[in-house]
Structures are given as structure tokens and as C-alpha cells.
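**Q** Residues per chain, in single letters:
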Amino acid sequence: MRFFEYEAREIVKRAGIPVTDYGFTTDAAEAKTIAERIGGPTVIKSQVLTGGRMKAGGVKFADTPDEARQHAEDILQLEINGHWPRGVLVDPKAEVKQEYYAGVVWDGTAKKPLMLFSDMGGIDIEQVAEDHPDHVGRGHFSALEPFHDFQAKQVIAAAGVTGKPLQRLTPVLARLARLFLEGDMLLAEINPLAELTDGSFVALDAHMEMEDEGMPRQKALIKALGIGAEEGTREGHTPTPFEEAVKAIDAADHRGVIQGKDTGFHGNIGLVIGAGGGSLTLTDAVRQQGGKPANYSEIGGNPSVAKACGLAKEVLQKDGVEKIAVMMSIVSNTRVDIVARGVIKACLELGKDPGETIAIFRIPGAWEDEGFKILDKYGIEYCDRSVSLWDAAGRAVAKIQGEVAA
Amino acid sequence: MKKDAIFIGVEVDDRVASDAAMGAKLDEVCPVNIFKGTESGVDIVEENIDECVLCGLCIDAAPAGTVKIHKLYSGEVLPA
Amino acid sequence: MSILIDENTTFIIQGITGREAVNLTRECLDYGSKIVGGVTPGRKGREVHGVPVFDTVEQVVEHNGGVVPDGSVVTVPPAGTKDAVIEALDAGIKTIVIVTERIPRRDVAAMVEFADQQGARIIGPNCLGLIVPGVAKMGGIGGPAKNAEQAYQPGSVGVMSRSGGMTTEISSTLTAAGLGVSTAVSIGGDAIIGSTYAELMPYFEADPQTEAIVIYTEPGGRMEAQLSAWVKENNSRLPIIAFMAGKFMDDEEMQGMSFGHAGTIVEGKEDSATEKIARLQEAGIPVVERIDEIPDLVKAKIAERSAA
Chain A
1 MRFFEYEARE
11 IVKRAGIPVT
21 DYGFTTDAAE
31 AKTIAERIGG
41 PTVIKSQVLT
51 GGRMKAGGVK
61 FADTPDEARQ
71 HAEDILQLEI
81 NGHWPRGVLV
91 DPKAEVKQEY
101 YAGVVWDGTA
111 KKPLMLFSDM
121 GGIDIEQVAE
131 DHPDHVGRGH
141 FSALEPFHDF
151 QAKQVIAAAG
161 VTGKPLQRLT
171 PVLARLARLF
181 LEGDMLLAEI
191 NPLAELTDGS
201 FVALDAHMEM
211 EDEGMPRQKA
221 LIKALGIGAE
231 EGTREGHTPT
241 PFEEAVKAID
251 AADHRGVIQG
261 KDTGFHGNIG
271 LVIGAGGGSL
281 TLTDAVRQQG
291 GKPANYSEIG
301 GNPSVAKACG
311 LAKEVLQKDG
321 VEKIAVMMSI
331 VSNTRVDIVA
341 RGVIKACLEL
351 GKDPGETIAI
361 FRIPGAWEDE
371 GFKILDKYGI
381 EYCDRSVSLW
391 DAAGRAVAKI
401 QGEVAA
Chain B
1001 MKKDAIFIGV
1011 EVDDRVASDA
1021 AMGAKLDEVC
1031 PVNIFKGTES
1041 GVDIVEENID
1051 ECVLCGLCID
1061 AAPAGTVKIH
1071 KLYSGEVLPA
Chain C
2001 MSILIDENTT
2011 FIIQGITGRE
2021 AVNLTRECLD
2031 YGSKIVGGVT
2041 PGRKGREVHG
2051 VPVFDTVEQV
2061 VEHNGGVVPD
2071 GSVVTVPPAG
2081 TKDAVIEALD
2091 AGIKTIVIVT
2101 ERIPRRDVAA
2111 MVEFADQQGA
2121 RIIGPNCLGL
2131 IVPGVAKMGG
2141 IGGPAKNAEQ
2151 AYQPGSVGVM
2161 SRSGGMTTEI
2171 SSTLTAAGLG
2181 VSTAVSIGGD
2191 AIIGSTYAEL
2201 MPYFEADPQT
2211 EAIVIYTEPG
2221 GRMEAQLSAW
2231 VKENNSRLPI
2241 IAFMAGKFMD
2251 DEEMQGMSFG
2261 HAGTIVEGKE
2271 DSATEKIARL
2281 QEAGIPVVER
2291 IDEIPDLVKA
2301 KIAERSAA
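As they're listed, the protein sequences go chains A, B and C.
Heads up: the first sequence begins at 1 in our numbering, then just goes up one per residue.
Heads up: the second sequence begins at 1001 in our numbering, then just goes up one per residue.
Heads up: the third sequence begins at 2001 in our numbering, then just goes up one per residue.
I should point out that these hints are in silico values taken from the structure, not numbers from a laboratory.
We put the beta carbon where it would ideally sit given N, CA and C, even for glycine.
Misleading hints may appear alongside valid ones.
Unchecked claim - Covered stretches of chain B (in silico footprint by chain A; criterion: 3 or more residues with CB under 8 Å from a CB of chain A, positions within the stretch not fixed): (1) 1048-1054; (2) 1060-1067.
What the hints assert, rightly or not - With a straight-line cut-off of 25 Å between C-alpha atoms, the simulated SDA-like cross-links for lysine to any residue are: (3) Lys112/A / Lys2146/C; (4) Lys377/A / Ala1020/B; (5) Lys377/A / Ser1018/B; (6) Lys1003/B / Arg37/A; (7) Lys2269/C / Lys373/A; (8) Lys2146/C / Asn1048/B; (9) Lys313/A / Asn1048/B; (10) Lys2269/C / Arg2/A; (11) Lys55/A / Arg37/A; (12) Lys373/A / Thr1038/B.
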């Protein structure tokens, strides 16, 4: 789950890291009230789950509360990269002396969380790491043993920071490291982390992303941030009607798992495929042979006839889809006969001839003999494991699009 | 009593269909809820018939020859 | 020979009374594996396909006259997995297969770190385990014994795969071509896993039966880069052939989306399919376009090495 900046700042604040006296609102008039309370120049920031808001005009400076209201009004109506803002954040305009970067991510190779710190904040850390490696400190820490503040201190010192800043920044990075683990985060970043001219250290912007798998045990935090269950996991894109429909079918029945995606797919080959790795392999095989899939899907975990039928029906009801290809890598848990029943039932319920509609059925494995009997009865072209995934995909492309790219 | 769906047909002998104890037993053993035990015997739940996994637990639970599963796609009958 | 397990390996199933675990127990027993006990808290005294069930791992050890089983297959729900794995490691079990999906990374990292401290090895999570064809299997890999036999015949190729299903598809292709499989490991589809390709290479290296390695890989993570580095640093006797799925994910329109497994989320340029293929090839690991090209290439590589 991705968090908006105003939520990420709240998470940081709850962890005991100082933030500015900002306010969040969805209303331009209230933006003025917040600016009045702050007193002095402010920054109005669009709250969107996408990058590049500065360039897009989603961040504006205001000298007076009236100006803050005007900017808020403009920004609330500004779409950025296809995202409408959730609201605006009204922040005191900070007098910055020095900007730092503090972040924590997972290192999959070391299998540990990794702290990153730099005294060159405000810009892209990957760029800093490339151009000025001596200004970046790094350090892994344990997910098993308790975190010690000195580990944060070492990382900051390694970036070349000493003196009062080192003393003041150590607890900030230590708290960020702890909140990263305790909050099941994938990313916890404060950039910039600023030393102001009055000598205080505050988080001026924050990015947080929580692992979806951690959400069940982070309910209290999610609730405290005012995020409702209807927001789901806030995927990077808005789910399409097809994606929503497949999700609903999957949730209605605990037997097996189905998934369907069609964001970015614009073709006419309906794919009813599985499982995880098989679906990736088959989608590639269709495309590499010149095929244009209408969707991506996954069948796994031995679904019911109703579930397989539901997925096939959704795929068949997509615009431009006349035929489907039903293909999986060799199955050992999912049953061939059950999937066969499901996809045939989908055709029949939509008034289509299964023999015409199912271009190819390539699912070898558990209960295949029984499945083949069903496929024979309905005149469906099928194959066993002696036909590779590549060749099965090629046959589907040839039958649906009439040609195969060499 | 015999009911057919698209792929599977379920046949229950009248002796069993009107036996409440047998009905309850079939209801319990079927993993996909094809049988619903009633006060007077057993009902066949039509929308679940095609979910039959051919496990044979219903056949084993009832007296020999009183429950039959028809594979409508091949003409085969269980028990063979 | 084989890696990690052999005909004498004993193991337990944690979460043995769950629906999938009951099936998995049946499959492993039918295949010839030695399951010496099961654990489900509160279910002591039951049996699953003749395997006695206990409340704790300690009780299993006690029941076995103080002998610690070699391995454990863990199939408990995600919220309880970390505790179950630490319990097994604490009892002295050295090979753990974690089947469970959707475990938070914090828990995976903690389990892996504890396993390292105990000198133990974790396979998974989110995997189907491993199989030594004709000898034993630990986990649901290959399915029922009859199906497993059809796809997995003993042979010379070691298989490692981030997809459980594709482990079987690839092994079946190797079996059909007469090459067969020495040991096949479903390493798991998550971003952090107990054993990566590079970490399992030394085991295959030490197994005289293995003459070549085939890996199935996907976008996401740095595991392939780690393998490339390992290959460059170690003068391995084993040729490696790779297959990369999910190339379509490199498309502009798919950015930020995850397909197939949790671990396929691309978090940086280095984890894209294109970058990974380049890196593998640079290390001398050919990446085939199609699964059905694998057997001929394996045969050619083995011939090349034996001629050298």
C-alpha cells in the first residue's frame, strides 16, 4: 500500500520524528485557514500517488493566506500523470540550512533491511550514489535482533557527517529504521530531511510504502491514518471493470485462485491461462509469435468449475474477444477435467459453440484423461505435454489471428 | 430420482432418496455439497452437480447400487 | 546422489491437519518419503494417513526417541509461519521447506537470519519444495506420486525454479528428452527467499550425479545478478542454462505492476527481464527463448564440457 505524503508525514510524526506544523485539506477555503494559522509564507503541495508533481505545477509557494487559497484551488483541479489529487498539504515555507536524505529499503540479496543516508538531500538518491558515492552511507540491520542506535550513527558518519548534525540525526534515522520494520514497510524515506536556519531538524517530505502482506497486522495504523477498507491496497493503477469482476469471482469462492489483468493489453486473443510462472511464459510465447493478448490471467490452486467458468466468461465478454486459448504448464494440483468443464460451461452459458470458441486447450497433468474425454465430446482442439507451451501458444495465435510471425 | 447438469448426472434410488438418515450421510460426505439432507430424505442441489470431483464418497456411503454418477460427456457410469 | 535430501531423510509436516497439508502428506508418503510426525497445536493424538500428530516439535522428537528429524515442511497460515519455523530451527531441524504464501518480508528475513545462526537451510517461502526423482520428495512438487513419476525421472540435470509449476514443466521436458533430473528445487516466488540460485550452486557442484543446471527465472529481484557473480568468481564445472519468463513486463504500460508471483515487482532498472538476460549472458549463461530448446542445449553443453 502506498501512502500519500500527508499520511507518510503522519507515520513519521507518530514514530517521534519532528515534522513541520503542516495541515492537510481537500478544501481551498480551509487551505487559507491553515495558512493563517501558520502565519507567514507557505508551500501548497498536491497530494498525489505519482512522481513529478513539481514539474507538473503541483507545488506552489504562497506569501499570503489568500494566495494559499488560490493555489489550493488550482492544484485541486490539476490532474498529474492521470492522477487526481486527494487534497493539498499546506506547509510552512522552511528556511533550510542543509538538506539530508534518510531512507530504508529491503536488500533481497542480503535478505536484510538496508539504511541509506546522505548529506546531499532533496535529489534522487540513486543519482547521488552514482555521482558522489562518498556522500552516501549504507548499513544493513537485523530483522531478528533489536536495533541499536549506533548502527544509525555509523551510517550517518559514513556519509561524512559529524558534529551536532550527527548527534541530532542519529535518533531520526534510528526511529526511521524501527518504524520501517515495525510498520512492515517496503520503503521508508525522508527526503529532504532538513536542518533549518533555527537549528531544528525536520522531515520536509516523506515517502512510505507498506507491504500488502503486512497489512493484516497493521490494521491499527491504517485505521489511525483514516484509510478505509474500500481503498484496498492502492495499486499503482485504477483497476479496470474486467479486473474488478475477476477479483469478485475469486473472492466469492475459496476453492482455488484466479486472477485477471487487462491494463495495457489491447489485443483480441482471450487468455485463460495458468499458473504463476506458466502464465508469464505463455503471455510471452503468444506475443513473441505475433499474437496480441486481450488480457493476462492466472488459474491456480485447483479452482471450482464455477470459478474457471467465471474467469472464462469475463474474458469472452471483453470487447473484440471472439475466441479464447486455454493453456497451462503441467498441473499437479489443479485438475484438467475441472478446468475443461469450467471453460466449456462458460461458452455454453454465453450461447457460443465451445468447439469454435476454444482455439486450443493445452493443460496436461492431473486428471488429463478425464479432461480429454470432455474435450473430445465438444470437439475442442487439445494437446498433451508433448506439445510445448510455445507451440500451443503458436497454434492459438494462428487460429485466432490467422497468422504467426516467423 | 435423477438430475442431470451439463457434465454430470446424479441418480439416487428411491429407497435412499426417502431415507432421512441416508440423506444426512450423503450431505456430510460430499465435498462439493451436491446432496442436501432433508427431513424426508435427500435433495440434489442442481447448481452443484457439475462441481462433482468423481471422488466416489457418496457411492461408498450408500448401499450398493443405490447412488450412481453419470458422466454425461462419455456415457460412463460410476460405479462401473 | 542428490542435494539436500536422500532416501534416508526424515521430516515432519507442520500444519499437517490443513486441507492442502493432508494431500501433501499422502503424496510424499506414496512417493517413498519418510514422514516421522506432524504438528498442529491442539491436535495431539490424531493421525494423518498414519502419521502421528503432536502439539509441538519437541513432542515429535521425544516420540522418536530423542532423534531430531532432518527436515520440516511448513504449511501453516502466514501469521503463524515465523513462530513455527523458529520452533523447528530451535529443535535442531536443518532443512526447512516453507510452502506458505503471503508472509511479510520482516518475518522471512528474521527466519532466514535465525536459520543462518543455526547452520540450517530454508527453501521457500511460497514454494513447492524439492524432489529427488525415484527417491523422495519434500513438499507438493510434482503432485500425486503417479504424476510426479511421469514428469520426473532420475537423470543428470539439476533444476532450480522461482515457479513451482514451471519446475515440473521443465523437468518433464528434460525427462521426455532422456536427460532426466538429479534434484529439482522449487525455490519460491517471493522477493526474499531462504535459498537463491547462487546459494544452492555449491550443493549441485558437490553432487556427482549433476552434470548441468537449468534455471527458470522472472523479472524482479537481484537473484540472477548474484548467480552471474557466483559463476564468474567460482570456476564451476556445471554449465547453466536459463529461461526467462515475463519479458512482456518490460513494456512501458506494465511498469509498476506485478504478475505471477509477489517477487516479480520490478523495483529498479536492474530487475527488468532485459537487464537480467544481458547480465546472465555476460556471465556465460545462455538464456533460451523457449522451454523446448533446453534439452538440446543441455546435451550440447555437457558434451562440450566432457570434451574439454
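**Q** Okay, which hints does this one fail, numbers in order?
**A** 2, 3, 4, 5, 6, 7, 8, 11 and 12
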